[in-house]
Amino acid sequence: MPETRLYKTEDINRAIRKQVGLGEPAPVSGLKGHDTIAVGMAAGAVVQVSGSAGDFFGALNDGGTLLLNGDAGRFAGDLMSAGELIINGDARGGVGQYLRGGVIVVKGDCKGTAGQLMKAGTIIIDGSAGADVGKYMMGGQIIVNGGLGEHAGENMMGGSLFVKGEVRSLGLNARLSAPSAEDLDRLRYLHRQYRFRAVQGDEDFNEYKKVAPESPRPLVGEAPG
Amino acid sequence: MNDKEIQRKAASGAVRLSSGPPERALPGLDQLTICPAQLAGRFPADIFEGVETDVVIGGKSARDPLALMAPVFIPGSPYGEVGKNARLAFAYGSALAGVAFGTGEGGVLPEEAEICRQFHGKSLVSWGPARHGVTLDFLRSGDAVVFELFGAGRGCTTGLLRKERTTEAQARLWGMPPGADWVVPPAHLDLEGPDDLKQHVNLLRELTDHRVPVIVKLAASRVHEEVRTAIDSGADAVWLEALESPLYGVPDVLLEQAGVPLMAVFGPARRAFEETGARERGVRLLVSGGMADGSDVFKALALGADAVGLPEAARIAIGCTEGGEGSCHTGKCPAGIATMDPRLEAKLDWKAAGQALANYLHALNDEVRVLAAAAGHRTIRGLSPEDLRAVTYDAAALSGVKLAGYERALPMWMH
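In order, the protein sequences belong to chains L and Z. Note that our numbering has the first sequence beginning at 1, numbered continuously upward. Note that our numbering has the second sequence beginning at 226, numbered continuously upward.
Because the hints were derived from the structure by calculation, they are not lab data. Just so you know, even glycine gets a beta-carbon here, dropped at the ideal spot from N, CA and C. Be aware that one or more of the hints could be misleading.
[What the hints assert, rightly or not] A few chain L residues that face chain Z, going by a derived Cβ cut-off under 7 Å, partial list only:
1. D35
2. T36
3. V39
4. D55
5. F56
6. L60
7. D62
8. D71
9. F75
10. Y98
11. Q116
12. L117
13. Y208
14. R217
Construct all of the structure, not just a fragment, from the sequences and the given hints.
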């Protein structure tokens, strides 16, 4: 792949598509904050990026395996439906918003608003996660191995938000409880897959708390249907 | 003062939900008249020599621009808000007429895709704030992507699609969990400021490999500023939904009071287009709300639009008998349109209804041709505000069109 800072997003994505179309991994090096890189990847695509990604990295991933060695901008993995997105760095806000499936792993911190209106899938944030995580969440799971900021799980209606660190404040309709044995088994399974930095021994799983919806119908009002 | 409404609120303590266009009197396009061509400027064109009414959207940026045979389209009605037969009628009728239909959020039915394949239909797929039913395949199936900036009801507060009102078929198409409420946010969660609009347009272009045009749809509000922002985003077209557009099952105060009427959108939109040179870059202006016949379409085009959305007229053409007055949001539509009840849906023969829609669109396009020829134009691209006169002071003030009798624009438009 060519030196990316000389290229536009359109050129880089075209080169990625060409490479994955040949059934080969697409390496991209020296990314300099380009937005909308590696979006809409299909099953079987493997994209390995180094550098800093801009906004919407890996959005609408539909089964690809995407690895970013560097930091991501906002909305990484937006509306992703399948596959895997690993960020070996920090992510700005909005990781995995509207997520429908697949796994997103952020090895560093995330600024906030992760997993808003997600319906399924898994988001793992190895560091801390900022404010407004899991707002309007309808399904799936978010695991935060650091702390959560304000309004965690605001108006969530389904799914689970697990946190190992401090929860600064809960949002409307969110309640804190202890994870079930089944929940902990799921966390152990994910730890085996993705190696949580915050877990050194099995006793560390006892520190997890679960944020879940108080009611499946938190909001007043009705949209047309 | 509406005594009955006060009494209703006093008894129920509830906000009233309504469907359809607003009921309050707004200055309509009938307050403008068309100037036949004579000596001043031009002579009438011979309609037998033909009048071009086709429109192309995305001609300068999309690999497959959207070509419409008439300057009209059918805005989207999400599956669930209308039933399957209504959706198929919109797809079939618009295909026969050579125009496009919108899907709204919630996906495309396999039968709609088949109609598009068989009859060369064209669909406008939606990228809305809830993203329900939005998948990669869905986005790539469209002939244009519409970035809908607002949620249900021209930017209403967050709402729920309650589980009692959704069906399993809808859940399957929308990719949603059946038996649960679905959240509808008022705005895109991944749009944090006006500059992000450009990011979304770029994202949609990348996801569709720059194949189809991207249209930004706005509720008519602060028209000049927002149209400029939409143009700056790099969109191929800006679609303004005026206050006269029907809404379905939203708070009555929103339906009646939120938005800017059609007559008032053209002046500021034209100014935004002129200031940015958007017209020269191939950007198109689409409008919808309150228009139903060829004269409305002619006037909208003369005022600066390139194509016109016909949401309410399309429902009436396929058999709606209520004009949005009552049952649209109850799921008990007697015409089988705004319902998911199989017994009611069966009342609508989608093929016949689609043919009726096509007939209506053909007649409407012929009206546009007749009026354009009478005004001395061989193509709708030549229409301008000079082809119109306002017959009321209000219309002249809102539109900037010359006032009949005064023969000039009002002084407020002279600078």
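> With 7 Å as the cut and Cβ atoms as the points, is F75 of chain L at the interface with chain Z?
Replying inline: holds (5 Å)
> Regarding the hint that D71 of chain L lies at the interface with chain Z, is the smallest CB-CB distance below 7 Å?
Replying inline: Violated - the Cβ of D71 of chain L stays beyond 7 Å from chain Z, reaching only about 17 Å at its closest.
>> Restraint: L60 of chain L near chain Z, CB-CB cut 7 Å. Satisfied or not?
In response: Where the cut-off is 7 Å and the nearest Cβ of chain Z is about 5 Å from L60 of chain L, the hint holds.
> Does V39 of chain L pass the interface check with chain Z, least Cβ-Cβ distance below 7 Å?
Replying inline: holds (5 Å)
> Against chain Z, with CB atoms and a cut of 7 Å, does the hint on Y208 of chain L hold up?
Replying inline: violated (25 Å)
>> Does R217 of chain L hold up as a contact with chain Z if the rule is Cβ-Cβ below 7 Å?
In response: With a closest approach of 5 Å, the R217 of chain L hint holds.
> Hey, does the D55 of chain L contact hint survive, CB to chain Z under 7 Å?
Replying inline: holds (5 Å)
>> Just to be careful: measuring from the Cβ of D35 of chain L to every Cβ in chain Z, is the smallest value less than 7 Å?
In response: holds (6 Å)
> Does the interface hint hold: is F56 of chain L within less than 7 Å of chain Z, judged Cβ to Cβ?
Replying inline: holds (5 Å)
>> Hint validation: Q116 of chain L versus chain Z, beta carbon distance must be below 7 Å. Holds or violated?
In response: holds (5 Å)
> Given Y98 of chain L as an interface hint, is the shortest Cβ-Cβ distance to chain Z below 7 Å?
Replying inline: holds (5 Å)
>> Can you verify the interface hint for L117 of chain L: is its Cβ closer than 7 Å to any Cβ in chain Z?
In response: holds (6 Å)
Taken one by one, the earlier hints fail for this structure at numbers 8 and 13, listed in ascending order.
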